[in-house]
Amino acid sequence: NGISLIWAARPFNFRSGRTRRCIDIPLVKSWYREHCPTGMPVKVRVSYQKLLKYYVLNALHHRPPKALKKRNLFNSFKSTKFFQPTTLDWVEAGLQVCRQGYNMLNLLIHRKSLNYLHLDYNFNLKPIKTLTTKERKKSRFGNAFHLCREVLRLTKLVVDSHVQYRIGNIDAFQLADGLHYIFSHIGQLTGMYRYKYKLMKQVRMCKDLKHLIYYRFNTGPVGKGPGMGFWGPSWRVWVFFMRGIVPLL
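Taking my numbering, the leading residue of the sequence shown gets 1, the next gets one more, and so forth.
Just so you know, the hints here were simulated from the structure itself, not pulled from any lab data.
A portion of the hints provided could be inaccurate.
[Said to hold, decoys possible] When the alpha-carbon atoms are kept at most 16 Å apart in a straight line, the in silico EDC-like pairs for lysine to aspartate or glutamate are as follows:
1. Lys112 x Glu135
2. Lys210 x Asp177
3. Lys207 x Asp160
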C-alpha cells in the first residue's frame, strides 16, 4: 500500500537512495535502551542489562566503515561460462540446499568408506551396528564436518516449517510462532554449541530477546498468551552468525 509506505518510519519509507536491508534494522533496540518496566521478574531485568551491555560494547568497538570498491558477485559470475542465471522460489532453493548438503556429507562419509554410519534426512549421524574400537576411531570426523551438519539441520528445520505452511498444514501465525521458537531454542534443537562453543553467546542473546519480547506482548488481558511470532530480532542474530561462520567452513 503506497500511502502507508509514505507515512512509514524512517528507513522503511524509501525505495531508492540510501536504503537499508531488513537485517540491518534493529526493531527492538529502543526497548532495551530504556529502563526495564517495574514489577518484572529478575530474569527479564537481567536480560535487559545483558542486551544493553552488548549494545554498549558494540558502540565502543564500532569503527567507521572503510571505503571499498563495490563488487557485484552476480555480475562476476555472469561473465564466466560456468554460471547461468535462473529464478527459483525461496522454499525450492532451501530444499535444494538441504538436498545438496545431504549429498555432500554422504560423499564425505563414503569417501572414508564408513558403510556402518547412516546419515538420515534430519542430519543425525548414527551407527547401524555396534562398532569395534577400530571402527569408532576411523569414524571420527572433525569439527568442520559436524558444524556443517548442524548448520544444515537448522536450515532443514526452517525449510520444513515453510513447507508445512505451503502445503496448508499450518497458518501464517503458527509459522511465525514456529520460526520464533526455532531461533530462540537453537541450543535445544541442534547441537551446534558442541562444535563451536563461542556460539553460546548467540544462544544467550536470543534467550534475552525472547524474555524482552514475551514480557512486552504478554501483558494485560493476553496473560501468558499462546506464543507470538515476532521472529525478526532473533533471526538477525543467526543471520549475522552465519555471515561470519560460513567463510570459516
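Restraint check for Lys210 with Asp177, where alpha carbons must lie at most 16 Å apart:
Holds, at roughly 12 Å.
Sort out whether Asp160 lies within 16 Å of Lys207, counting only the CA atoms.
violated, 23 Å
Going straight from one Cα to the other, do Lys112 and Glu135 come out at no more than 16 Å?
holds, 11 Å
When held up to the earlier numbered hints, the structure conflicts with hint 3 and nothing else.
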